[in-house]
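One line per chain: the protein sequences are A and B, in this order. For the first sequence, counting from 1, position 92 maps to 92 in the working numbering; every step adds exactly one. For the second sequence, counting from 1, position 191 maps to 191 in the working numbering; every step adds exactly one.
Calculated directly from the structure, the hints in this document are not laboratory data. Heads up, the beta-carbon is just placed ideally off N, CA and C, and yes, glycines get one too. Some hints here could point you the wrong way.
[Unchecked claim] Short, incomplete list of chain A residues facing chain B, as computed with Cβ under 7 Å:
#	residue
1	PHE25
2	LEU54
3	PHE71
4	VAL88
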Amino acid sequence: MSAIIEFKDISKRFGRRIAVNSLNFNIENGEIFGLVGPNGAGKTTTMRMLVTLLKPDHGEIYVGGYSALKFPNEARRQIGFMPDTFGVYGDMTVQEYLDFFGACYKIQPRQRANLINDLLDLVDLGHRRHDMVDTLSMGLKQRLSLARVLIHDPSILVLDEPASGLDPRARVEIRELLLEVARLGKTILFSSHILADVGELCSRVGILEDGKLAALGTLEQLSAHVMPHRRIQIGLLNRREEAQAALQFMEGVSEVRAVENGRAALEVDFSGGDEDLHQLLAKLLAQGFPVVHFSEETQNLEEVFMRATKGIVS
Amino acid sequence: MTAAQRGFFSRIIDNPIIRKELKGRMRGRQGFIAIAAYLGLMSFFISVFYLLLAADNGLSGDPGFLQTVGKAIFSAVVLLELLALAFIGPALTSGAISSERERKTFDLLRASLLSARSIVFGKLGSAAAFLLLLIFTALPIQSLAFFLGGVGAAEIVISTLMLVVTALFFCALGLFFSSLSQRTLVSTVLSYAFILVSFVFFFFFLFFLNILGVIGSSAYKPLEELMNAAAWLLLSINPFFAAVVSEIILIEEQNLFLTAGGYLGSTSFPLPSPWIVYIVFHIALTALLLSLSVYFVARPDQ
Numbered sequence: 001m002s003a004i005i006e007f008k009d010i011s012k013r014f015g016r017r018i019a020v021n022s023l024n025f026n027i028e029n030g031e032i033f034g035l036v037g038p039n040g041a042g043k044t045t046t047m048r049m050l051v052t053l054l055k056p057d058h059g060e061i062y063v064g065g066y067s068a069l070k071f072p073n074e075a076r077r078q079i080g081f082m083p084d085t086f087g088v089y090g091d092m093t094v095q096e097y098l099d100f101f102g103a104c105y106k107i108q109p110r111q112r113a114n115l116i117n118d119l120l121d122l123v124d125l126g127h128r129r130h131d132m133v134d135t136l137s138m139g140l141k142q143r144l145s146l147a148r149v150l151i152h153d154p155s156i157l158v159l160d161e162p163a164s165g166l167d168p169r170a171r172v173e174i175r176e177l178l179l180e181v182a183r184l185g186k187t188i189l190f191s192s193h194i195l196a197d198v199g200e201l202c203s204r205v206g207i208l209e210d211g212k213l214a215a216l217g218t219l220e221q222l223s224a225h226v227m228p229h230r231r232i233q234i235g236l237l238n239r240r241e242e243a244q245a246a247l248q249f250m251e252g253v254s255e256v257r258a259v260e261n262g263r264a265a266l267e268v269d270f271s272g273g274d275e276d277l278h279q280l281l282a283k284l285l286a287q288g289f290p291v292v293h294f295s296e297e298t299q300n301l302e303e304v305f306m307r308a309t310k311g312i313v314s
Numbered sequence: 001m002t003a004a005q006r007g008f009f010s011r012i013i014d015n016p017i018i019r020k021e022l023k024g025r026m027r028g029r030q031g032f033i034a035i036a037a038y039l040g041l042m043s044f045f046i047s048v049f050y051l052l053l054a055a056d057n058g059l060s061g062d063p064g065f066l067q068t069v070g071k072a073i074f075s076a077v078v079l080l081e082l083l084a085l086a087f088i089g090p091a092l093t094s095g096a097i098s099s100e101r102e103r104k105t106f107d108l109l110r111a112s113l114l115s116a117r118s119i120v121f122g123k124l125g126s127a128a129a130f131l132l133l134l135i136f137t138a139l140p141i142q143s144l145a146f147f148l149g150g151v152g153a154a155e156i157v158i159s160t161l162m163l164v165v166t167a168l169f170f171c172a173l174g175l176f177f178s179s180l181s182q183r184t185l186v187s188t189v190l191s192y193a194f195i196l197v198s199f200v201f202f203f204f205f206l207f208f209l210n211i212l213g214v215i216g217s218s219a220y221k222p223l224e225e226l227m228n229a230a231a232w233l234l235l236s237i238n239p240f241f242a243a244v245v246s247e248i249i250l251i252e253e254q255n256l257f258l259t260a261g262g263y264l265g266s267t268s269f270p271l272p273s274p275w276i277v278y279i280v281f282h283i284a285l286t287a288l289l290l291s292l293s294v295y296f297v298a299r300p301d302q
């Protein structure tokens, strides 16, 4: 894979506040990249610089090999941008809205008509094409927004908080749509506060804090970075204290804690592969401990996020 | 039509902003109500004006008097239109860019392939098209004067030219303040404040010139003439002064383009008729305001 977006030492200051501080990272072609961070971390500023709405004070951004500063139209041609607020032209129908933005991207009228049909089918809004945009629900507006972003067939989608303000059903629908769009080969960069969505959708995640990149990588890499141990949950029918004492001397175990999550259980920090883990369970059973539950805690972006960030807001 | 002309018109027609704005403006009843109200008010004022003239003088069959009435009605229509343009022009454009900011659609436009020039000229084009529609729909009212006589082709051409330039200028003025402001309320207030201040300045200047006229002339003749010419040029940029004084020069001196007398007395060299100064100045100012609007729209956020 090759980098389709390159941030090279990007900095942006608003007055005395540094919004983005020497940002360096690449986004590969075809990947879904999630940008997470607390409010004021610099996510929106980073995205606005990428889509040429904001000029960095320092550094360079490359989109498909073109400098976004020197060739903004090349960047705009390749990027579809959805800001964190839905831009409404209340006096337009759904079809007119897409047609207008198609014209803004200089797509010929005949080609536009076919494109709009396809896009309305994709976002399942064909039956609302003659309705005024104002009459759509928030979820449908967001779907329309996604169709607008795709109108000029960009290779990159930059989506700032696409699920913000949506009800759970609309959130799931948008997530499904994004996966469908990703299957079309688009590169997606999106920011979200809903870490479950980011964890589920993204191939890589960048955690921003105070304008700096606090962590970057796949969820597994981030987990390994901030949580060097595997965390194993062991449920026991009884003899918890004895099991805790026995586990402390077993190979690969660095810490054992007693936890109460509905039943008596132990939480074990464990280093080793799946074979070692199997051995651990086998030893417990061989010593006659009544194990009723044995599972590894899945990597949780929320936990990674909490460990990677310090709660600093610039 | 030449290829260049075809290119120019297709660029205008293809501008998505113009099409969107015109569609929005004429969608539903509000566009038609605005035109009907404008023409209704215009007709009402002209009818009152005509009835007052008739009541004062009685409309005899004297062709000389009828021609005077014709000229008066024509001038009244043009002055009313100028006044209307000063009110309607900024109203149409002072929210053009700022409302996009308020609706959060400005970023969507700027992130598209639409150039800042297309956005500004699209907004200007749609507002100017509506104002031109108002000007041209008022032509039948203006043409009432033709029944009475006294109005020549030159007056019609000059007045239409002045109205078109005025329409473009007031649209550009609103657009400029709109491109500067984040909020439509601010840009609307700034646009009308600018118009008000320029009129107040005009009357203060007129007052100052009248005092200067009473004090007497300078001993140094070239300086006096230069001041006279400068005062003439400054006064000529006011639409009402330009329209009324150009008409007076046309009647009294029978000259469409030049006059021998300035405001403070005659000069040894001819001065341009006020309508020429008005048109040249406002075309230049309109171009400047549009260039600044394009700059403010194109400028990335700081």
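With a cut-off of 7 Å, does the beta carbon of A/PHE25 approach a beta carbon of chain B closely enough for the hint to hold? violated, 21 Å
Is the interface hint satisfied for A/VAL88? The criterion is a beta-carbon contact with chain B at less than 7 Å. holds, 6 Å
Taking the least C-beta to C-beta distance, is A/PHE71 closer than 7 Å to chain B? violated, 12 Å
Per the CB criterion, is A/LEU54 less than 7 Å away from chain B? holds, 5 Å
Of the numbered hints given earlier, the model fails hints 1 and 3; all others are met.
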